[in-house]
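Protein chains: 2
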Amino acid sequence: MTQADNASLDLIFRKARTHNGWQDKPVEDSLLEQVYDLCKWAPTSANCSPMRLVFVKSKEAKERLKPALAPGNVGKVMSAPVTAIIGHDMAFYELLPKLFPHADARAWFVGNDAMIAATAFRNGTLQGAYFMLAARSLGLDCGPMSGFDNAKVDAEFFKGTTVKSNFICSLGYGDSSKLFPRSPRLAFSEVAKIL
Amino acid sequence: MTQADNASLDLIFRKARTHNGWQDKPVEDSLLEQVYDLCKWAPTSANCSPMRLVFVKSKEAKERLKPALAPGNVGKVMSAPVTAIIGHDMAFYELLPKLFPHADARAWFVGNDAMIAATAFRNGTLQGAYFMLAARSLGLDCGPMSGFDNAKVDAEFFKGTTVKSNFICSLGYGDSSKLFPRSPRLAFSEVAKIL
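From first to last, the protein sequence lines stand for chains A and B. Under the numbering used here, residues 1 to 195 are what the first sequence spells out, in order. Under the numbering used here, residues 1 to 195 are what the second sequence spells out, in order.
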């Protein structure tokens, strides 16, 4: 196979929309595992794989997330079947002897805080994007948000750990009647040069 | 369609590998445009779309990139049909009146340098991931790298602009004979919790 079929490209890219309204249809835990088991294969620097996930699904967990949300995101999150907190482990490099066994990659990071921070954020974010496209490829809709208080989420969900929150993303089956018209995108000529 | 077909999932996620060795087969400019025209649809915060791309394809352009590369990446880049510089525009918010016309989103950013920096890096990186998975979905192989001097690349390719480099990624048709065995990935239970 040299290209994905058009229906898959539509599902993952062309026709997928960010959803804020959700059908009353649950997301099975096994499907969340399937999404991860797809996105885990996509590349990170030295296979460092810093992304960590908390799936906020129960009423109790949602109540813990609620005080950290921007007002405009409260309704969206409370009505979603599940909202993922996408974070990254700032101590990711401690797993490099396992994840990148053919070199001492841990030594590249120890003591280099700027490189640790950039690598965790960049690669955790790459994995967050892979996660969303994997979710779409398995039929889920996504509603990503960065309108929340990261420090509050870290204190509530990652206290005593080395994980920092990055963004959050609701998952479920979108209610298309609640979509707005799609906003424009930049053209190739506006963003790219071929030298 | 509720899920992408297995062949597409294999192509994009399960069987795709990071390539460092390349077949002697060119990448058409029109295919690079097709990749962008897929990935541009995937979500960014307030549709801010900060990713900017320079495709380093000619011998002359490669010579300009060469001095910025980590020694281990020189051969990989010089032998690739094309290497993309993935950057993000720190002045992305100036385009929000066009990209997010239903609110004054520009005002959320002006004067808030920390939010500008985090938003540009996070969303430019999300788009970099979308770009790589779109490339794979159209049959290209990717070889992403962060082993280079960002300041040198910025001075050489983005001088006088508000664009900063993020990572680079070679594109082409990989030579599978040069692949190493695949490194392990973390299991769902090691990275995720369902609450």
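Among the hints, erroneous ones may be present.
Since the list gives no way to pick one copy over another, a pair counts as held whenever it fits inside one copy or between any two copies.
As the list claims (entries may be wrong) - Calculated lysine-lysine pairs in the BS3-like style (CA-CA distance at most 27 angstroms, straight line): (1) K178 x K164; (2) K164 x K25; (3) K57 x K193; (4) K62 x K98; (5) K66 x K98; (6) K159 x K25; (7) K98 x K152; (8) K159 x K178; (9) K15 x K98; (10) K59 x K98; (11) K62 x K193; (12) K193 x K164.
By construction, these hints were calculated from the structure, which means they are not laboratory data.
Going through the hints against the structure:
For a Cα distance limit of 27 angstroms, the shortest separation of K178 from K164 qualifies neither inside one copy, at 32 angstroms, nor across copies, at 36 angstroms. Taking the shortest Cα distances, K164 and K25 never come within 27 angstroms of each other, neither inside one copy (30 angstroms) nor across copies (42 angstroms). Taking CA atoms no more than 27 angstroms apart as the test, K57 paired with K193 passes between copies only; the shortest distance there is 10 angstroms, against 44 angstroms inside one copy. For the homomeric pair K62 and K98, neither the shortest alpha-carbon distance inside one copy (34 angstroms) nor that between copies (34 angstroms) is at most 27 angstroms.
Taking the closest pair of Cα atoms, K66 and K98 never come within 27 angstroms of each other, the shortest separation being 36 angstroms inside a single copy and 32 angstroms across copies. In the homo-oligomer, the alpha carbons of K159 and K25 never lie at most 27 angstroms apart, since the shortest distance is 32 angstroms inside one protomer and 51 angstroms across protomers. In the homo-oligomer, the alpha carbons of K98 and K152 never lie at most 27 angstroms apart, since the shortest distance is 32 angstroms inside one protomer and 32 angstroms across protomers. Taking the closest pair of Cα atoms, K159 and K178 never come within 27 angstroms of each other, the shortest separation being 36 angstroms inside a single copy and 43 angstroms across copies.
Taking identical chains as interchangeable, the C-alpha atoms of K15 and K98 lie at most 27 angstroms apart only when they sit on different chains, with a minimum of 21 angstroms there against 39 angstroms within one chain. Proximity of K59 and K98 under a CA criterion of 27 angstroms is satisfied in neither setting, with 36 angstroms inside one chain copy and 38 angstroms between copies. Within a single copy, K62 and K193 get their C-alpha atoms only as close as 45 angstroms, which misses the 27 angstroms cut-off; across copies the closest is 14 angstroms, which meets it. Taking the shortest Cα distances, K193 and K164 sit within 27 angstroms of each other only across copies (15 angstroms), while inside one copy they are farther apart (35 angstroms).
Checked against the numbered hints given earlier, the structure breaks hints 1, 2, 4, 5, 6, 7, 8 and 10 and satisfies all the rest.
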